[in-house]
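Colleague: Going down the list, the protein sequences come from chains A and B.
Position 173, counted from 1, in the first sequence is what my numbering calls 1191; the numbers after and before it change by one each time, with no gaps.
Position 49, counted from 1, in the second sequence is what my numbering calls 1067; the numbers after and before it change by one each time, with no gaps.
In case anyone wonders, no lab produced these hints; they're calculated from the structure.
Careful, some of the hints might be misleading.
[As the list claims (entries may be wrong)] Calculated cross-link-like contacts (lysine-lysine; reagent style BS3-like; alpha-carbon spacing at most 30 angstroms):
hint	chain 1	residue 1	chain 2	residue 2
1	A	K1150	B	K1380
2	B	K1045	A	K1148
3	B	K1300	A	K1163
4	A	K1020	A	K1300
5	A	K1148	B	K1150
6	A	K1145	B	K1300
7	A	K1163	B	K1145
8	A	K1145	B	K1027
9	A	K1150	B	K1428
10	B	K1148	A	K1145
11	B	K1163	A	K1292
12	B	K1441	A	K1380
13	B	K1380	B	K1027
14	A	K1145	B	K1163
15	B	K1300	A	K1148
16	B	K1163	A	K1300
17	A	K1300	B	K1380
18	B	K1045	B	K1021
19	A	K1148	B	K1021
20	B	K1021	A	K1300
21	B	K1300	A	K1404
22	A	K1300	B	K1387
23	A	K1428	A	K1407
24	B	K1148	A	K1150
25	A	K1300	B	K1150
[As the list claims (entries may be wrong)] Chain A stretches covered by chain B per the calculated footprint, using a threshold of three residues with CB under 8 angstroms from any CB of chain B:
hint	region
26	1058-1069
27	1160-1168
28	1281-1295
29	1307-1315
[To be verified] Quick list of simulated restraints, FRET-style, between CB atoms:
hint	chain 1	residue 1	chain 2	residue 2	range
30	B	K1404	A	R1319	41 to 49 angstroms
31	B	P1340	A	N1074	28 to 36 angstroms
32	B	N1074	A	E1343	31 to 39 angstroms
33	B	A1060	A	P1179	31 to 39 angstroms
34	B	P1195	A	T1303	27 to 35 angstroms
35	A	M1067	B	D1147	36 to 44 angstroms
All values reported here derive from a predicted model rather than from experimental measurement.
Glycine included, C-beta positions come from ideal geometry on N, C-alpha and C.
Okay, here's what each chain looks like letter by letter:
There are 2 protein chains.
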Amino acid sequence: MKKYTEMSKEELLALKQELEQEYAQVKALGLSLDMSRGKPGADQLDISMGMMDVLNHETDLRCETGVDCRNYGVIDGIPEAKRLLGEMSEVDPDHIIIYGNSSLNVMFDTVARSMTHGVMGNTPWCKLDKVKFLCPVPGYDRHFKITEFFGIEMINVPMTPTGPDMDMVEKLVSEDPAIKGIWCVPKYSNPQGITYSDETVRRFARLKPAAPDFRIYWDNAYCIHHLYADNHDFLIEILGECERAGNPDMVYKFTSTSKVSFPGSGIAAVAASKANLNDFRKYMTMQTIGHDKLNQLRHVRYFKNLEGLHAHMKKHALLIRPKFEMVLDTLDRELGGLGIGEWTRPHGGYFISFDSMEGCAKDIVARAKEAGVVMTGAGATYPYGKDPKDSNIRIAPTFPSLEELEQAAKIFVLCVKLSSIDKLLAA
Amino acid sequence: MKKYTEMSKEELLALKQELEQEYAQVKALGLSLDMSRGKPGADQLDISMGMMDVLNHETDLRCETGVDCRNYGVIDGIPEAKRLLGEMSEVDPDHIIIYGNSSLNVMFDTVARSMTHGVMGNTPWCKLDKVKFLCPVPGYDRHFKITEFFGIEMINVPMTPTGPDMDMVEKLVSEDPAIKGIWCVPKYSNPQGITYSDETVRRFARLKPAAPDFRIYWDNAYCIHHLYADNHDFLIEILGECERAGNPDMVYKFTSTSKVSFPGSGIAAVAASKANLNDFRKYMTMQTIGHDKLNQLRHVRYFKNLEGLHAHMKKHALLIRPKFEMVLDTLDRELGGLGIGEWTRPHGGYFISFDSMEGCAKDIVARAKEAGVVMTGAGATYPYGKDPKDSNIRIAPTFPSLEELEQAAKIFVLCVKLSSIDKLLAA
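The task is simple: from the sequences and hints, build the whole structure.
Modeller: Structure (structure tokens):
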């Protein structure tokens, strides 16, 4: 296939006319498709329905230490839940606190606490003139929204195929004491599906931050979310690595079962050094009497252990792998070799990242919307919603059915072509 | 019975000797009893076990608007949960946001948000030199802990049989713009079981605060927690009253099902003006993708409506009324007429408040502990844990069995007697 960039103006115009007819036809269908959010499909939720039967009126609702999970008490999680999410997080249960239904909420609260009370005895951030976070880009919009909400200045750090640009991270973190954190999705990153390489993790663990209260926000949202049982990524466990490097307190690791059991009805956890966890507990004992222990029990009795979790994740993979492959096939077939876009091929997680020609992303998303396909807003993968090249688009293939997704993917590539032609013609 | 205060030194010494023998005997029993926290007894939790069966693998888990409650979405609560907790809160569902498992958590977050982001556009409290809260005393220790945690200065306001001293509240609130809030448990107050009178509520609604961001934190924790079906207290609904008084935004009302279904596994709600709720939502949309909708559904399908809630609360009352009555009988029988203590006779809630002679509360609690009975720490019902008269003790009769409670109550009155005698002898 001929590259668009090598086509003459006449060729482009002819192609444009053809594609616009196609576009008019799909628009006329009045579709309503959604590739915007990392939501599981209904079929994925069906595979967890057994969880609804785990507890009934005859169940013994005491945890293994004999505590009645129906009543107040046990602020930081029942032991068996710490063990389960400890296995999932690859750390000892002593390094785990179990939270409520949302790890995002824990991240938010962690930033909020740092603002009002500081980190492990350091000055509360609200008393400082300036607080900054490093943001590997493209990244997760909800991370960036949290730091923006608290008035924290965000600095873009480009992602590479092995993780964030570590030369830049090391330089900035060691020079600027106002930099208090970095947002990371280290495995099957949102949106690129990149897993940080061994070297990247080792360099993270060996950072020499100027700020004593600098923390790596290690959002391991997709730790067991593989698409391929025989071809999945490996990530070095960061807590152990930080400890070995003499930086035991430098990282907070977040996990949840949101995309394992039910989004919004899962359980979340933080893994960190004991000193950090004690810092968390000081806040927790003021904030709540305790989280939902019955839901902790429900999860543990359903999944039992790490093998149970992995077996369950294989069922998810069976359902979503065809969706990823179909989108990738469509991109390959329709856009391969045209020189108007690049995309990632993740081995897990929830997203495919697409990079259009510069200055086209907003236009592509707008065209898709007009044809009935909702994409994540262009720019959302960057702090302040500002993609400097206006080229990154996050594709979330899990929520629509395979049939809907097929239509949506076709419309998407059509919009990419149209937008690219207009860009080339205007050049 | 002769008042202790009218006894001669010899009489007191003789009595002391007798009581000390008794005390030595109970101490030798090596008991371990707990009257410290407002926890339901296991028998109370048993009555909600049907809730464990409401959802099963065949249940349709969509809410009434068709949203799949197993997935992300619906940030502020499913409509039927808003209706149920709206009925419980006596407000329209439009004035309700449903939260997670803990109203205390919502109160904490509300103070945290006010610190970092301010209230409805007003200056964030962390930017102010001084922030103060009024604290009706005795009151709920966890309220005071929250304001203390955020460095908010707390001002004691004495409780009266009709609620806080409103002359003092009106004067302080109207004169001092640093006063940003007041903690209230308006019905069956913690620990006295007092319900604010109509006049008190009306005066609250008509406050003229110097601070535009002054808010009444109306923790209606015991709104339907009556001990007597035929003799329960009434409380004027504060949102409506504030609106009628031209102060629609002055109050946040908090409720939860913690002591209705399962503590820690219930659902919580805030009722407030739409302007306030929008202020809450701005924070929520950053903090979380949504709360546990399956638990919302579980509650609604189990309780159905306000009648369902009331019927359920009658079952609770059947179980805890005998406990309250037994403690009150013991206090009447053993301490009545002795002039060494006063206590409240609540019609609902979770506590009885006991006032000893001045300077005796800590000693009584310590003696009880030595004899194997854990009480709420003396002073806990006051900000900073400082009861200026060292006289208030909170009695929580619900958690122990009736048999345990009988022992605990006897030990308690024994400790009161011994402590009072020592006090009188030292005078």
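Colleague: Okay, which hints does this one fail, numbers in order?
Modeller: 1, 2, 4, 8, 9, 12, 19, 20, 33, 35
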